[in-house]
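Chains as they are written, first to last, in my numbering: chain D, 20 to 439; chain B, 20 to 439; chain F, 20 to 439; chain U, 20 to 439.
Treat the hints with caution; some may be incorrect.
Which copy is meant is left open, because identical chains are indistinguishable; a pair holds if it fits in one copy or across any two.
Below, a list of computed lysine-lysine pairs in the DSS-like style, where the Cα atoms sit at most 25 Å apart [said to hold, decoys possible]:
# : residue 1 : residue 2
1 : LYS213    : LYS400
2 : LYS391    : LYS99
3 : LYS383    : LYS213
4 : LYS213    : LYS99
No lab work stands behind these hints, which were simulated from the structure alone.
Model, not experiment: these values are computed from the prediction.
There are 4 protein chains.
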Amino acid sequence: MSSRMIDGFGTTALHAELFSDEAVIGAMLRFEAALADSQARLGMIPRSAADAIAQVDGLDASGLAEDARESASLAIPFVKALTARAGGYVHWGATSQDLLDTALVLLLRDARAVLSRDHARLADSLRALSEQHARTVMLARTVLQPAPPITFGYKAAGWFGGVQRSWRRLSQAFDEVLQLQFGGAAGTLASYGKRGPELAVELARALELPVPSTPSHSHRDRLAFLITQCGVYSGAVAKIARDVALLMQTEIGEVSERGGGSSAMPNKRNPAGCVVTLAAAAQVPGLVASFLFAMVQEQERAAGGWQAEWPIVARTVQATGSALAAIATTIEGLTVNADRMRANLDATHGAVFAEKAAMLLAPKIGRADAQKLVAEALQDKMLREAMAGHLTAEQLQNIDRPEDYLGAAETFRLRLLNEE
Amino acid sequence: MSSRMIDGFGTTALHAELFSDEAVIGAMLRFEAALADSQARLGMIPRSAADAIAQVDGLDASGLAEDARESASLAIPFVKALTARAGGYVHWGATSQDLLDTALVLLLRDARAVLSRDHARLADSLRALSEQHARTVMLARTVLQPAPPITFGYKAAGWFGGVQRSWRRLSQAFDEVLQLQFGGAAGTLASYGKRGPELAVELARALELPVPSTPSHSHRDRLAFLITQCGVYSGAVAKIARDVALLMQTEIGEVSERGGGSSAMPNKRNPAGCVVTLAAAAQVPGLVASFLFAMVQEQERAAGGWQAEWPIVARTVQATGSALAAIATTIEGLTVNADRMRANLDATHGAVFAEKAAMLLAPKIGRADAQKLVAEALQDKMLREAMAGHLTAEQLQNIDRPEDYLGAAETFRLRLLNEE
Amino acid sequence: MSSRMIDGFGTTALHAELFSDEAVIGAMLRFEAALADSQARLGMIPRSAADAIAQVDGLDASGLAEDARESASLAIPFVKALTARAGGYVHWGATSQDLLDTALVLLLRDARAVLSRDHARLADSLRALSEQHARTVMLARTVLQPAPPITFGYKAAGWFGGVQRSWRRLSQAFDEVLQLQFGGAAGTLASYGKRGPELAVELARALELPVPSTPSHSHRDRLAFLITQCGVYSGAVAKIARDVALLMQTEIGEVSERGGGSSAMPNKRNPAGCVVTLAAAAQVPGLVASFLFAMVQEQERAAGGWQAEWPIVARTVQATGSALAAIATTIEGLTVNADRMRANLDATHGAVFAEKAAMLLAPKIGRADAQKLVAEALQDKMLREAMAGHLTAEQLQNIDRPEDYLGAAETFRLRLLNEE
Amino acid sequence: MSSRMIDGFGTTALHAELFSDEAVIGAMLRFEAALADSQARLGMIPRSAADAIAQVDGLDASGLAEDARESASLAIPFVKALTARAGGYVHWGATSQDLLDTALVLLLRDARAVLSRDHARLADSLRALSEQHARTVMLARTVLQPAPPITFGYKAAGWFGGVQRSWRRLSQAFDEVLQLQFGGAAGTLASYGKRGPELAVELARALELPVPSTPSHSHRDRLAFLITQCGVYSGAVAKIARDVALLMQTEIGEVSERGGGSSAMPNKRNPAGCVVTLAAAAQVPGLVASFLFAMVQEQERAAGGWQAEWPIVARTVQATGSALAAIATTIEGLTVNADRMRANLDATHGAVFAEKAAMLLAPKIGRADAQKLVAEALQDKMLREAMAGHLTAEQLQNIDRPEDYLGAAETFRLRLLNEE
């Protein structure tokens with residue numbers, strides 16, 4: 020009973036798989052097998068018991084989710100089912116949260132690898148786009164209106180900077196989250212007597228996870244860091260999609276996607292990749308708010324907040340991954356129409372250089388008067404005409420040459436691409 | 020590839036089914052079949068074409084969701100697949116939004132029936148609980164501290180009032196949403212010439228839906244009304260769960276759930292139903308925010324906002340349904356410990372009647388002084404002792420009798436239960 | 020110490036005043052005066068005590084807010100200060116929540132009047148705009164791309180429908196909220212013995228508020244209804260602003276605001292009213308989520324959730340009011356450029372009538388082939404040229420006449436304007 | 020026209036001042052003065068012009084906020100007003116965003132200092148509390164039910180760890196945000212020709228801010244990082260408040276605040292500091308969602324998203340600061356009742372050691388059977404009695420001694436306090 024159709028944009032097929040019932044069971048089994056193996060190595064349980072657990076390579080998921088509602092814990096029916104298969108040393112001395120939190124960490128480790136690959140793809144495409152269009156001039160647009168020129172290379176570098184910085188923070192968050200969670204019923208590992216910390220080290224090694232200094236328990240700031248940085252990353256990605264969709268408006272036409280069609284209009288080219296990106300990213304901020312609210316967890320284990328986390332975490336990562344995958348593909352296939360960019364610039368008849376004209380006039384007549392003079396002159400004339408008599412011939416000559424009014428665009432572009 | 024395990028509390032099995040791939044395909048097929056049938060009846064397409072469409076009773080869902088990412092529309096691969104099966108009159112003159120919005124309405128109609136049944140179950144249990152405990156006195160608790168007495172019957176009636184009022188608004192919202200969406204590419208039904216409105220009436224009839232005066236199109240306030248009222252309803256439901264979980268603390272022990280166990284502590288009784296309720300309800304407010312943000316849809320069809328709706332709507336309804344199902348079952352199985360309620364009241368040694376004592380003293384010495392006197396006296400004495408000498412013998416006699424300090428509790432209880 | 024500058028778009032001056040310290044103190048004094056007066060009328064307190072309270076027409080606000088942090092209740096320092104001025108019968112038998120909830124209701128009543136006035140202004144302008152442009156044809160735009168034509172009158176009617184429906188729901192919510200809150204410490208009015216309900220009726224009359232059947236107490240669904248409908252209304256308003264800002268892009272140029280300037284570019288015309296609307300509306304969905312989370316209030320009075328409400332409620336109403344005021348003024352001053360609308364339509368060279376062409380061809384060659392044929396033909400030809408040989412002369416003649424492809428636009432427009 | 024009363028818990032007086040009109044004007048003046056001074060030093064404008072600007076030490080705020088609505092930019096009326104006072108070289112070559120973004124940074128720098136001081140206060144108190152109660156045993160509580168013992172010292176160390184980690188991330192975010200924003204109209208500093216970067220360095224020095232490699236412009240990830248980490252920090256703080264409020268319930272009574280009173284019940288002690296903390300923290304997650312949504316900013320400057328930021332940022336920081344100030348004071352004044360902690364432990368009659376008993380039995384009869392045996396035995400007997408005959412005399416002796424079942428509590432406590 021899949022629900023991929025209702026959620027086609029909130030996740031990709033791959034990210035759906037990463038949090039599927041099969042994946043969840045796999046991660047839970049992996050925890051229990053590693054726990055038993057570590058305990059056998061430390062002589063806490065018989066080796067044969069550990070071997071029996073290790074041999075279980077799947078469980079029937081059907082029914083587990085419903086049973087979980089009885090106890091408000093997926094761990095209970097799972098441990099029961101696994102015990103029925105592999106005997107009484109299953110989950111020895113552990114608690115639900117050890118199992119569930121660590122299983123989630125294992126799932127997130129796989130998800131990180133996918134995100135990482137797609138981010139590299141996106142970053143590479145943006146860098147290439149920026150290099151290729153280092154000199155392609157175009158209008159900046161502020162408040163949806165034309166503004167002084169930039170280069171498309173600088174614009175792409177800005178996108179690159181946004182996702183690159185956001186990725187670094189998200190990576191840091193993954194580093195904090197991807198560690199063993201192991202605390203026992205009260206966060207003290209008391210069921211193992213004095214040997215808790217030793218077992219934790221062994222277990223972490225078996226799972227190839229760092230061992231944390233202490234269990235996270237009801238302190239959820241590490242996961243919250245991850246979720247919020249998914250939020251920031253999604254925002255940076257969605258910003259690109261919005262820009263591209265706007266540039267792709269027929270009346271502007273400066274870029275185009277390989278794009279999608281319409282069920283009613285046979286010829287229509289839609290910014291489909293941007294739409295998927297935006298639809299996916301739109302899921303995230305609300306999820307972030309939900310996670311932050313759920314952080315207020317009672318005492319040593321919450322009544323509600325903790326149990327609310329799994330779907331929030333999965334959906335956040337999936338939606339981030341979906342947005343990322345869609346924009347990466349979009350950018351890879353983006354066509355840039357440099358002629359149209361220049362044509363749209365020219366069509367302003369120099370109006371976007373009004374600032375430049377005012378700056379040239381201002382030393383003579385003051386900034387306020389210069390702005391007023393320029394604004395009034397532009398009511399009914401093109402800039403060049405409007406400024407005749409006010410500027411020198413040489414000033415007039417280049418007054419509306421975009422290449423002459425790019426300021427530090429190239430400097431900034433290079434800095435963005437080269438920031439470590 | 021189900022993901023029930025990751026989302027075991029965010030939906031029930033039943034609500035998961037209602038938005039599954041099978042259900043979505045079924046609803047989409049139903050729209051196309053009804054459209055074709057209506058068009059055949061109006062002579063717009065051949066009857067044989069409509070029959071061919073009507074005969075398709077399933078489509079392979081696999082691949083549709085991924086294909087949808089190419090065009091940012093599930094309708095496109097769906098119509099293509101259906102056309103391959105049932106010929107060229109499929110989706111005749113319609114647009115993606117007609118199909119998708121109406122399919123969603125059909126899914127929501129089914130979900131409403133389930134919610135309605137569970138709400139009735141909850142309302143009935145709350146009413147019965149209130150009637151049964153009309154005279155069971157207990158502490159009110161304000162700011163998590165003891166306050167003057169109420170009855171458990173009044174408390175249950177308050178819960179009833181909250182969900183009952185919220186249900187009425189949610190019902191009104193369903194009434195607004197459950198109607199045909201049919202506007203064609205630009206919301207004008209132009210592809211049908213002058214016959215659009217006539218076809219809309221016919222199609223609505225075929226789907227047993229009301230025909231709206233106009234298509235909703237990019238104006239999403241009706242759905243927003245539904246989503247927000249799921250939010251309010253979930254909040255009312257979660258409030259009950261929080262109250263019950265708090266009353267069930269071992270140190271308070273005034274009610275108990277049939278409850279769930281623990282994977283580590285064999286004897287533990289957890290407020291499992293409340294936890295599931297709270298974990299489910301915690302999903303909703305963030306989803307509501309997402310929907311409201313997504314309402315800002317560009318022109319005649321949005322680039323992102325509209326496409327973001329499906330998972331938000333499905334999850335909101337599912338989480339509301341999950342919270343509701345869990346609390347209904349919890350309330351049905353609730354055990355009330357009236358002795359413990361009275362014992363907790365008695366254990367305050369009259370302190371919760373301090374207000375009463377102050378009110379009795381105040382006419383003589385003023386409210387401020389009366390409050391001061393009572394507060395100071397209660398520092399080291401029980402109320403009865405503290406007030407000796409200040410109150411008349413008769414006043415003193417009943418000063419800490421909860422039954423004498425219930426005010427309008429019963430009046431209000433009855434009003435809550437009997438509000439239409 | 021005002022903070023209007025940091026929040027210039029989140030509220031108007033008028034809405035800031037409605038929730039200012041002066042307004043809050045005024046509302047709180049009004050409650051206490053009405054309470055005392057009612058009690059005097061019922062012989063519960065001396066008339067002279069009520070008169071003393073009624074004579075206080077202001078309190079020094081400085082310090083009250085800071086003092087409120089000591090007790091987590093603004094009522095406590097307020098009652099203390101008022102008692103110091105007007106004697107010991109202040110707040111007789113009442114509780115903090117009676118005072119604070121009702122004061123909020125009084126503030127909201129004033130805010131409603133302002134919202135109502137601005138909504139009428141907006142609705143009237145939209146209606147007029149729709150009537151005036153009933154025949155002004157323009158491109159629909161779906162997914163930010165050109166689509167078959169509509170009229171600007173229909174578009175404006177769609178905006179009208181969105182805000183009008185949302186206003187009706189918001190009005191209903193105000194009706195539910197604008198009533199007396201009066202329950203005493205435990206929601207039983209026990210401090211008044213049997214006379215609580217009688218006093219409630221008297222008090223409600225004095226405040227010109229409906230008397231509710233029961234106190235709302237810790238059941239916050241009524242306020243939640245109000246807040247969520249502010250959310251829906253803001254969304255409907257923001258949708259208009261986004262549409263207008265997009266239509267106002269220089270490259271599209273179909274409408275323009277009276278608009279604002281730029282600090283750097285002297286000649287620039289920005290969609291300033293739309294920007295203020297969007298900036299204000301962007302505050303609301305997050306606030307709605309906060310309110311819904313805060314609804315989960317413990318027992319008879321919450322520890323946190325209730326106390327979180329005031330700023331959420333005030334900001335939600337203020338931001339809604341700010342968005343509304345800005346869009347109303349924007350629409351009142353909107354200039355519509357019908358020539359540009361037609362020019363943009365013409366510039367598609369008939370491509371937006373591809374659906375029409377396909378519908379005409381489809382009966383002959385099937386929908387799929389027709390769509391394919393049209394799409395391919397439009398790759399390098401204009402529609403009229405592309406369809407030569409495929410359509411009849413008569414069909415060809417009007418194939419790209421927008422007036423011939425408006426479907427039910429006018430029917431729907433009239434329905435939207437005339438819905439009660 | 021202050022609104023401190025409506026927002027008494029959402030901000031402290033100090034944090035209100037930090038974002039007041041006076042503070043905003045001060046920061047904006049400081050930017051303009053520093054800009055002019057830098058330009059004079061570089062010979063771009065006359066020294067006398069810079070001096071004139073530097074001499075303006077205040078502007079009348081009234082009217083600026085309302086005027087800002089005309090242009091959707093506070094910078095425009097501000098620059099106009101300042102130009103009227105200090106002449107035509109004001110804001111020379113700069114754009115609104117340079118002024119407004121940098122002014123915000125200056126405000127945030129001051130806010131950081133206040134947060135930093137309060138965090139130190141909180142961290143110190145938590146550390147002291149943890150040291151003092153390293154051996155105070157108490158119940159852990161999971162899902163609001165008793166669980167195996169911990170120490171209060173470990174619990175306090177857990178709180179410490181949560182806020183300490185969150186503070187480190189928040190500090191990192193402040194480091195990223197607290198830098199000059201300076202890009203000119205299009206982010207290229209073109210109005211300064213080739214000298215833009217040089218001027219940026221000079222300006223940053225004058226403002227004692229780091230100079231960023233490039234302007235942030237419409238890429239808002241740095242601010243988003245700050246806002247989200249306020250969210251995480253607030254969540255960590257609110258978790259403490261919820262724990263304390265629950266421990267302070269009369270029936271539990273393990274800690275108490277210096278606390279606040281009630282307007283109706285003279286003797287009541289409320290967890291007032293916790294309530295203020297929770298009410299403040301409850302504002303934040305919704306604000307975080309709003310910021311993340313607003314991140315999707317169009318092109319080189321957004322139409323709505325950017326202009327929405329100021330109130331979101333100010334309120335987020337203020338609410339975080341308010342929650343922090345309240346919890347710091349609460350923890351400083353916290354009374355711990357170690358006797359009550361032990362009494363509550365004892366009152367479980369050993370039930371919380373059921374896990375321990377089961378672990379002792381399990382090697383003999385298997386985990387599942389051991390758990391079953393213990394659970395059944397505990398139905399009607401106390402643990403010690405229930406286990407007689409099953410455990411050895413020595414095991415029985417200490418079966419319910421909390422000190423013997425603390426596992427790694429002390430190890431973990433020390434690690435939490437000593438993590439760098």
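Quick rundown of the hints versus the structure:
1. LYS213 <-> LYS400: Answer is neither: 86 Å inside a copy and 29 Å across each miss the 25 Å cutoff.
2. LYS391 <-> LYS99: Close across copies (12 Å), not inside one copy (79 Å); limit 25 Å.
3. LYS383 <-> LYS213: between (83 Å within a copy, 21 Å between copies)
4. LYS213 <-> LYS99: Close neither inside one copy (27 Å) nor across copies (56 Å); limit 25 Å.
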